[in-house]
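Novice: Given next are the chains, with one letter for each unit.
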Amino acid sequence: MNSLLKVENLQMHYVTSKGAVRAIDDISFELMRGETIGLVGESGCGKTSLGTSILRMPTPPGRYISGKILVDGVDVIPLPEREVRRNIRWQKISMVFQGAMNCLTPVYTIGRQMMETINEHSDLPRPDAENLIKEYLGYVGLAPEIVQRYPHELSGGMKQRVVIAMALFLRPEIVILDEPTTALDVIVQAQIINLLKKLKQQFGLSFIFITHDLALEAEISDRLCVMYAGKIVEIGSNAQIYGAQGPGHPYTERLLGATPRLFKKVEQLQFIPGTPPDLIAPPKGCRFSPRCNKAFDRCFQEEPPLVEIEPGHMSACWLHQRG
Amino acid sequence: MTDTILSVKNLKKYFEPHQSFTQSIARSGQKKPIKAIDGISFDIRRGEIFGLIGESGSGKTTTGKLVMKLLEPTSGQIFFNGEDVTHLSKEKLKEYRRKVQMIFQDPYASMNPRFKIKDVLEEPLIIHKVRATIEERTKMIVKALEEVKLIPPDEFMGRWPHMLSGGQRQRVATARTLILNPKMLVADEPVSMIDLSTRAEILHMMKDVQKELGLSYLYITHDLSTARYFTDRIAVMYLGRIVEIGRAEDIIDNPLHPYTQALIEAVPEPVTGKVEIIKELPIYGEIPSPANIPQGCRFHTRCPYATDACKNEPEPELTLDGEEHYHACRRAYEIQAERKRKQAG
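Protein chains in written order, with the working numbering: chain H, 1 to 323; chain P, 1 to 345.
Here are the computed lysine-lysine pairs in the DSSO-like style, where the Cα-Cα straight-line distance is at most 27 Å:
| id | chain 1 | residue 1 | chain 2 | residue 2 |
| --- | --- | --- | --- | --- |
| 1 | P | Lys149 | P | Lys211 |
| 2 | H | Lys197 | P | Lys342 |
| 3 | P | Lys116 | P | Lys94 |
| 4 | H | Lys264 | P | Lys342 |
| 5 | H | Lys264 | P | Lys340 |
| 6 | P | Lys207 | H | Lys265 |
| 7 | H | Lys265 | P | Lys340 |
| 8 | H | Lys198 | P | Lys274 |
| 9 | H | Lys200 | P | Lys274 |
| 10 | P | Lys129 | P | Lys69 |
What the hints contain is simulated information worked out from the structure, not anything from laboratory work.
Bound-form chain H, shown alone (with noise of 0.2 Å):
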């Protein structure tokens, strides 16, 4: 397996009036061939920052500070936007964003909507466009018919195969899937889950999958990066985090506690107190410090690094060199 994307201490930070939101706060992180990295954590970490950054549109008033996206070994921080356009989004780089199924225009045809997309990016003339368009249909299990269809004709599970098709067309080597199947009933869920799982091997794809679900991550991530307030505090592989042994991070491991599941019987949920810090002024020491349970004085003073517990598996918490 060779490296497709590499992110090397990225810093994206939300400029504001009231100073700057450190939303990406010196990331890196490597993505292989063929490999599905998971991104968790709870709302405001900055899974979403971190996606709209790699495809080189981080949402104003957002600014890379430093760091670099490598794809295939070009660092696309620099490059003009027109360049971007021509040869990184959407070409190698595409997103299915979150609750884009819910932002198809309703006054236009599936097929029209679709048309926009590949007029776009590319120059194909509109037969090919077309035959294009019904081939990648078939891709996500849908009938050719749909294009003529408005979006609110469709079922949820229909909407979100078109915005995948739509993030297909243009033979992007990665794919971020932001949160793809949160508005989703459990059965639609495990079928798009299934497609992407389809979609993967047929077209050789790597996927960043972004979700606050643990559960769901287990399903189809090969390596999860947890993140936390701006910063991974854990990286592993699936058997890691979830096999016997169990997460190295405090966090990670309160976060697994929090998922319900539906067969291992428990008295109580678990849950972690407290709110994500501001992420303006982020607390001294370690972010978590404040809402962890085994946090000891280091923790409120320094800033762990993230270092290797176990081959291939990274952890940032002062426990692992307590002894």
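Starting from the known structure of chain H, fit chain P onto it as the hints suggest.
Specialist: Leaving out everything else, chain P in the frame of chain H:
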């Protein structure tokens, strides 16, 4: 029965689709009614948490609205404390709503952003013309805030909704219902918009309040995994009908209807070793439109176990199996045996 607080009998709600003038003249264009609720019956016991589960389009929210008397049923009856409340005068309705309160799904939309928390909680007292002095009202507000663990109450009373997190807002929404001393709460997906990390906290709070005050809940959700901890009994709805009803642990550990089985199979579990597997779901496609309910058993179009009888013969009624466990599937036993064989092999 004295221990039943709410009883719903053969309730139906059909919505007439909008028709233009020309459509109503041309008979051929006659649209079918949307059968959102197609004959459901259930009892909620005093001090019980009753879960209503189903996909979107199954009619669970409509049921909640009918119970709240926000919609008029097409037919059927609702009894509250043994009294028929299906049709109520304006005054009686107000009295009923004081006893049966609702917690809505979206804590960001259910509060006036220009009201301080104190005003949010005072509003029901004004609407229901609760005679009390200012001090007495403040006392009631403080008590309600303490019940939902928003402490110190004085501090929260002066805050605006935008200063609170989703979980805190849902606590305020609960306090707002408690201030009128209700007997029953209808909670429509109260935690679906709250982060997983704090979801359990809100459910704990709601359960504590329920135990302390001896309330009954109608808990509407699509999330089976929280229902297991939170509810005493569960009714599973499909296309406007209840297909299975029983104690929460029976429904989840021993589901008898194939639809319930599919719902359970689809729930993701946080265990390793599932990335390479494409999960085979024991269900086809998506839920049909309630304007076009399939003939025979309404689930047969999606059921992997369906036979000709399921398609052609009349819809099976709920039948009792074991203690308090009802299902509406004519092949329940055969399917059960088949599943066991599969699991063993």
